[in-house]
Amino acid sequence: MRASLTKAPPRLTVITQSVSGEALVAIDLLNHKLDRAFDHIDASGNGVVEREDLLGLGARILVGFGESPTSVTGASLVDSFDDIWSALAQALERDGDSGIARPDFRAGMTEAFVTGDRYDSVFRPATLAVAELCDSDRDGRIGPGEFRTMLCAFGVAYDDVDEAFDRLDRSGRGTLTVDELVQAASDYYRGVDPNAAGNWLFGPL
Amino acid sequence: MSAAVTTTVFATVRTALRNVMHWKPMLPLPRRGGSAALALLPLTERVPAMASPCRMHPSVYAIEAAVLDWARRTGLRADPGVGFHRMAGRAFAEFDAAAAALFAQWLTWLFHLDDELDEGTCQPDIFRGMLAGSARHPLEAAFADLWRVTSVRMSDRWRARFAVGLRRQHDACRAEADNRASGRMPTLEEYPELRRGTVGPYLYDLVEPCLRVEVPAWVVECEPWQQLVNACGDVTAWCNDVASRPKERGDVHNFVVLAMRQLGLGEREATAWVLDRIAGRCQDMRHAARRLPLDDLDPKTARDVSKVACAYLAAPRAHLDWLLESDRYA
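Residue numbers (the working numbering), protein chains in the order written: chain A, 611 to 815; chain B, -3 to 326.
Bound conformation, chain A alone:
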C-alpha cells in the first residue's frame, strides 16, 4: 500500500514530541539522520569511521552495480567520496588519516555541508555519481531494482527498501528520476523539514 506523502515518519513523531522548541526539533532530526549516515559508513560498528571505511562503502556501491572505479561514473564516485572525506577532515581541522567518532562526524558534517558552503561543490557530486550508477541504462530513470541495489550497499534492511522507494516516488510512476534522487539526498543530509520525502531515502528513521 502506498504510504501517505504528507505524514511525517512515525519514529520522527516521537522525536518531535520529545523536544520543546522548533529549532531543537530540526537539530534533533538532522543529528538523527547524520547518526544514520555514520552507521552507513561504520560497517564494522566500532564507533569510529576512517577514510578507508568511506572508500569501502564506495567499493560496495560500485561492485553492486558491476562498475569499475576506472569508468567515468566510477571514477567520479571515488573522487567525490575522497573529496567528502577531505572536507570532513578539514572542517574538523584534522589530517585525513585520523578516525572520526560519531559526535565529531555530526559536527564535521554540519560544519562542512549544512551550515558551511561545501555541499554543492563537494557532497552533491557524490550523490549525483551514485544516482547515475543507479540509472544503469542512462535513460534518466531509476527503477525499484536499482534502488534496492543502492540501498543494500548502504546496509539498509531488505524490508525497508520498498517503503523508502514508495515514499520517494511522489508521483507514483514506479520510477525515480536521477534529479529526484539527488534532491532526496540533499533533503536527507542537510534538510531540517520533518515532512520532506527525502527523510525516507534510507527507509524509516
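There may be inaccurate statements among the hints.
[What the hints assert, rightly or not] Computed footprint of chain B on chain A, listed as stretches where at least three residues anywhere in the stretch have a Cβ under 8 Å from a Cβ of chain B:
1. 662 to 674
2. 677 to 687
[As the list claims (entries may be wrong)] Computed beta-carbon distance windows for the label pairs:
3. Leu261(B) with Asp747(A): 33 to 43 Å
4. Asp280(B) with His642(A): 37 to 47 Å
5. Asp803(A) with Pro54(B): 52 to 62 Å
[Said to hold, decoys possible] Short, incomplete list of chain B residues facing chain A, as computed with Cβ under 7 Å:
6. Gly129
7. Arg132
8. Ser178
9. Arg286
10. Pro289
In case anyone wonders, no lab produced these hints; they're calculated from the structure.
We put the beta carbon where it would ideally sit given N, CA and C, even for glycine.
We have chain A already, so just place chain B on it with the hints.
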C-alpha cells in the same frame, strides 16, 4: 543529457572525426616505431570500464624506494624504468603504501620468473624448490622472503589456494615448454586456459593479503567470483600479449600470434580480433561483479570483499596505463 551520456557521445564523435581526418582504418596498430601497447588504446573509448585513468598512489616514490631496496637485498634486478611500483601504485592507489609496496615486490618477482623461464636461465623445476622452501636460487630466496611476510596474515585455506595457483603456473609453464620442444601450437580454444596458468593465477590471490582482508572460502568458490577472477586474468594476459607481441621472437604462445597463424589474419586484423575478445571479457567482468553474493554477507565482510573485487575491476586500466609507460614494452 547526463554527464555520462555526454562523455560517451563526445568520445564517439572524437573517434569518428579522428579517423575521418587521418583517413585511417579503424583497426588498431601502433604507429611505426611506437610501442605495440599503443594498439590497446582504442579500448579506452570502447570499454566503459577502461575509460578513466587509474589514480596514482600519492606515495609512489616511497613505494619505488621500498621495492628497489627489497630487490637489492634479495639479489633481483629492479629497473626503475620498468616501473612495477607504478603498476602497484595504481592498483592500490586508495590504500596504504605498504600494501602497494608488497604488491610491487611480488610483481618484480613474478616478471623475473617469467623472463628467466622464457630465456631458459631457469627451468620449471624451480617451482618445486619454492614449494619446498628452498632458497638456493635468488628467485627462490625472494619468494621465501615474500611468502614469509605475506602468508603470516592469512589462513591455511588461503595458503592452500596460493599453492594450488603456483602449481597451476608450474603445469602451464611445463606445457608451454613441451609445446616449444615439440613444435606444437595450442589451439585458440586451448590457449585462454593455458595463459591463465602462465600469467600466475595466484597474482589475484595476493590482493587479499595486500589489503589485509580475506574473502570467505565459499565466496571464492562461487561461480560469479571465479568468473570475475578468470575474466580479469584473461583481460590482463591478453592485453599483455598485444603489448609484448614484438618481443615473442617466434614463440607462438601469444593470442595475437595464434590468431594470425590459425585464422590467417594479418597483424592488424589479428590484434583487432584479440581486442574484440578483451572487450567481451570486460563485459563478463561487469556481469560477474553484479552477481556476487554480497547481500548474503555481513556489512563489514561485504565491504572487504568489495574492495578486493574493485581491485580486479580496476586492474585492466591500471595494467594498460602501465603497459603504455613501462620501458619493458618500449
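Hints and how they fare:
Evaluation of the coverage hint for the region 662 to 674 of chain A: fulfilled, as 10 residues show C-beta separations to chain B shorter than 8 Å, against a requirement of three. Check on the region 677 to 687 of chain A: 10 of its residues sit with their Cβ under 8 Å from a Cβ of chain B, so the three-residue criterion for coverage holds. Checked against the given bound of 33 to 43 Å, the beta carbons of Leu261(B) and Asp747(A), roughly 35 Å apart, stay inside it. Between Asp280(B) and His642(A) the beta carbon distance is about 43 Å. The supplied range of 37 to 47 Å therefore holds.
Distance hint for Asp803(A) and Pro54(B): a CB-CB separation of about 40 Å, inconsistent with the stated range 52 to 62 Å. About 34 Å separates the beta-carbon of Gly129(B) from the nearest beta-carbon of chain A, more than 7 Å, and the hint is not met. The closest approach between the C-beta of Arg132(B) and any C-beta of chain A is roughly 40 Å, which is over the 7 Å cut-off, so the hint fails. Restraint check, Ser178(B) versus chain A: the minimum CB separation of about 40 Å is more than 7 Å; hint violated.
At a threshold of 7 Å, the smallest CB-CB gap from Arg286(B) to chain A is about 4 Å, leaving the interface hint in force. Proximity of Pro289(B) to chain A is violated relative to the hint, the smallest CB-CB distance being about 11 Å (cut-off 7 Å).
Violated hints for the displayed structure, listed by number in ascending order: 5, 6, 7, 8, 10.
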